[in-house]
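Visitor: Spelled out, the chains give:
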Amino acid sequence: MNTSLKALKLMIVDDSNIIRRRIERSQQIARLEVVGAACNGREAVDLFRRTQPDVVTMDLTMPEMDGIECVQELVAINPQVLILVVSALADKATAIEAIEKGANGFLCKPFNDRQLNEALEELLSEA
Amino acid sequence: MLKEEEIRTFIEGTTHYFETSAQQAATVGSPYLVTDGKPGAYEYTGVIGITGARKGIVYFTAPRGMLTVLLMRMQETDSSDENIRDLVGEVANTISGNARRDFGKNFVISVPLVIAREPERVTAPHARSYVIPINWRTHSAKLVVCLE
Chain A
1 MNTSLKALKL MIVDDSNIIR RRIERSQQIA RLEVVGAACN GREAVDLFRR
51 TQPDVVTMDL TMPEMDGIEC VQELVAINPQ VLILVVSALA DKATAIEAIE
101 KGANGFLCKP FNDRQLNEAL EELLSEA
Chain B
1 MLKEEEIRTF IEGTTHYFET SAQQAATVGS PYLVTDGKPG AYEYTGVIGI
51 TGARKGIVYF TAPRGMLTVL LMRMQETDSS DENIRDLVGE VANTISGNAR
101 RDFGKNFVIS VPLVIAREPE RVTAPHARSY VIPINWRTHS AKLVVCLE
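Sequences listed follow chains A and B, in order. Going by this note's numbering, 50 is the number at position 50 of the first sequence; the sequence numbering is gapless. Going by this note's numbering, 144 is the number at position 144 of the second sequence; the sequence numbering is gapless.
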């Protein structure tokens, strides 16, 4: 599976610097190429247009524009994008709402490297 | 009166963070009741406000030393103030997420507020608070549940 991950571009969206850096480090295992990171939904939409990533990790609770709204905007721009929601909002209703708006997977915070990479690989298997 | 399972949800949110992120479990000390409205705080605190079926606050408060080691366990080499604040906010975020999952819409939970280096700003809205010591490695933090 890792071979198929090599060429894909990843954008990280999270208002927490430590989470952005943690995902950046973990992706080296999954061999995704990070093309940018944004700390709110508004910034993410701009970055998405410029970098055209294939895969996005998306926090939900963020200033300016929240993750659910951002998911909708990104999917409107590129319906093929794969979005993994990474959030501490662990309730089922939130996960269902994110999926309904266009996300492809959901990973609960906190997570470890193995959980993140498994979630990414599962996401990419849908591609 | 707080129910035991309500307090357990907040405790599990906290210990789950250590177990998953640091891959090293934290232990829970004996909870105690503070009745003078001053449960106290360390250098860094992540506070969540709660309304709905219960009203009040829940916070996780820890000394910088503990948070720095926790960051290192997460392979984060930058222990800047920004990252320490982020970390305590993420712990509070996890507590909040757990509560939302377990309590549903009966509890309305705010986005975490981080208070750094001003422990005197962390004030309890009610006289009675449950304080749960959270011990990890050689460090001690506190989870404070102050709900009416």
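Just so you know, these hints were derived from the structure itself, not from any lab. One should not assume that every hint holds.
[Unchecked claim] In silico SDA-like pairs for lysine to any residue, Cα to Cα no more than 20 angstroms straight-line:
| # | chain 1 | residue 1 | chain 2 | residue 2 |
| --- | --- | --- | --- | --- |
| 1 | B | Lys55 | B | Glu118 |
| 2 | B | Lys3 | B | Gly52 |
| 3 | A | Lys92 | B | Val122 |
| 4 | B | Lys3 | B | Val111 |
| 5 | B | Lys142 | B | Gly52 |
| 6 | A | Lys92 | B | Ser30 |
| 7 | B | Lys55 | B | Val122 |
| 8 | B | Lys142 | B | Ala127 |
| 9 | A | Lys101 | A | Asn78 |
| 10 | B | Lys105 | A | Asn78 |
| 11 | A | Lys92 | B | Val108 |
| 12 | B | Lys55 | B | Glu43 |
| 13 | B | Lys105 | B | Ser30 |
| 14 | A | Lys92 | B | Ala127 |
| 15 | B | Lys38 | A | Ala95 |
| 16 | B | Lys3 | A | Lys92 |
| 17 | B | Lys3 | B | Val122 |
| 18 | A | Lys92 | B | Ile109 |
| 19 | A | Lys92 | B | Val111 |
| 20 | A | Lys92 | B | Phe103 |
| 21 | A | Lys92 | B | Leu147 |
Computed from a predicted model, the values in this text were never measured in an experiment.
Visitor: Hey, lysine 142 of chain B versus alanine 127 of chain B, does the alpha-carbon distance stay inside 20 angstroms?
Guide: holds (17 angstroms)
Visitor: Are the Cα positions of lysine 92 of chain A and valine 111 of chain B separated by 20 angstroms at most?
Guide: holds (18 angstroms)
Visitor: Are the Cα atoms of lysine 92 of chain A and leucine 147 of chain B separated by 20 angstroms or less?
Guide: Distance of about 25 angstroms is beyond 20 angstroms: violated.
Visitor: For lysine 101 of chain A and asparagine 78 of chain A, compute the direct alpha-carbon distance and say whether it is at most 20 angstroms.
Guide: holds (13 angstroms)
Visitor: Under the criterion that the straight-line Cα-Cα distance not exceed 20 angstroms, is the pair lysine 92 of chain A, serine 30 of chain B satisfied?
Guide: Since the Cα atoms of lysine 92 of chain A and serine 30 of chain B sit roughly 32 angstroms apart, the hinted pair is violated (cutoff 20 angstroms).
Visitor: Sort out whether valine 122 of chain B lies within 20 angstroms of lysine 3 of chain B, counting only the CA atoms.
Guide: violated (24 angstroms)
Visitor: For the pair we were handed, lysine 142 of chain B and glycine 52 of chain B, check the Cα-Cα distance against 20 angstroms.
Guide: Outside the cut-off at roughly 24 angstroms; violated.
Visitor: Next pair to validate is lysine 105 of chain B with asparagine 78 of chain A; report whether the Cα-Cα distance is within 20 angstroms.
Guide: Status violated; Cα separation ~33 angstroms.
Visitor: With the threshold set at 20 angstroms, check whether the alpha-carbon distance from lysine 55 of chain B to valine 122 of chain B stays at or below it.
Guide: holds (16 angstroms)
Visitor: Between the alpha carbons of lysine 92 of chain A and alanine 127 of chain B, is the straight-line distance 20 angstroms or under?
Guide: It is violated: about 34 angstroms lies between the C-alpha atoms, which goes past 20 angstroms.
Visitor: For the pair supplied as a hint, lysine 3 of chain B and valine 111 of chain B, confirm whether the alpha-carbon distance does not exceed 20 angstroms.
Guide: violated (23 angstroms)
Visitor: What's the verdict on lysine 105 of chain B and serine 30 of chain B, does the C-alpha distance respect the 20 angstroms limit or exceed it?
Guide: violated (30 angstroms)
Violation of the numbered hints given earlier is confined to hints 1, 3, 4, 5, 6, 10, 12, 13, 14, 15, 16, 17, 21; the remaining hints are satisfied by the structure.
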